[in-house]
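With the hints as constraints, model all of the structure from the sequences given.
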Amino acid sequence: MVLFSYGACVRLFQLAGRYWTEIDGACAWAGFDPLDYGLTRFLNLILSWARDHTHPDQWESVEAEIFSPLLRPGQDADSVDPSVAAEEMALFAAFASQSKVLGG
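Numbering-wise, numbering that gives the first Met the number 0 puts 46 at position 47 of the sequence shown, and it's gapless, one number per residue.
Some hints could be false.
[What the hints assert, rightly or not] Restraint ranges, calculated between C-beta atoms of paired labels, are given here:
1) Gly24 x Trp58: 20 to 28 Å
2) His52 x Ser82: 18 to 26 Å
3) Ala89 x Gly30: 38 to 46 Å
4) Ser47 x Tyr5: 14 to 22 Å
5) His54 x Ala25: 12 to 20 Å
6) Arg40 x Leu90: 32 to 40 Å
7) Glu62 x Ala25: 28 to 36 Å
8) Ala27 x Glu87: 31 to 39 Å
9) Phe94 x Asp56: 31 to 39 Å
10) Glu86 x Phe66: 30 to 38 Å
Rather than coming from a laboratory, the hints here were simulated on the basis of the structure.
C-beta atoms are modelled at their ideal positions from N, C-alpha and C, and glycine is treated no differently.
Okay, structure coming up:
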């Protein structure tokens, strides 16, 4: 199981939004509704779809972009205050825990 960071979740939802017609159509063709999945499974589906639709030579850079830190324009990844990072991780852990309770 992949644990998705907040940034990866945002980027995967952006991919899902951008390519929803293709993703939903592929899922319908395969006989299932992706919206019936919990959060983690849905994100795994989008990640898998992205990998299947990316040239193998480009996958490492696409995957790195998906899992890179979510930064404001001009912000350096190393300049994030550790207390902010700790707070965001705690919030995400609480969300992930709640998602498990909700079936994600």
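Hint check:
Under the hint 20 to 28 Å, the C-beta atoms of Gly24 and Trp58, about 22 Å apart, fit the expected range. At about 39 Å, the beta-carbon gap between His52 and Ser82 misses the expected band of 18 to 26 Å. Checked against the hint of 38 to 46 Å, the C-beta distance between Ala89 and Gly30 comes to roughly 39 Å, which is consistent with it. At about 20 Å, the beta-carbon gap between Ser47 and Tyr5 stays in the expected band of 14 to 22 Å.
For His54 and Ala25, the Cβ-Cβ distance of about 18 Å falls inside the hinted range of 12 to 20 Å, so the restraint holds. Taking 32 to 40 Å as the suggested C-beta distance range, the pair Arg40 and Leu90 does not conform, at roughly 22 Å. In this structure, Glu62 and Ala25 break the distance hint of 28 to 36 Å, their C-beta atoms being roughly 20 Å apart. One distance hint, 31 to 39 Å for the beta-carbon pair Ala27 and Glu87, holds here, with the actual separation near 36 Å.
About 35 Å separates the C-beta atoms of Phe94 and Asp56, a value consistent with the hinted range of 31 to 39 Å. The beta-carbon spacing between Glu86 and Phe66, approximately 20 Å, falls outside the hinted interval of 30 to 38 Å.
Hint compliance for this structure: hints 2, 6, 7, 10 are not met, and every other hint is.
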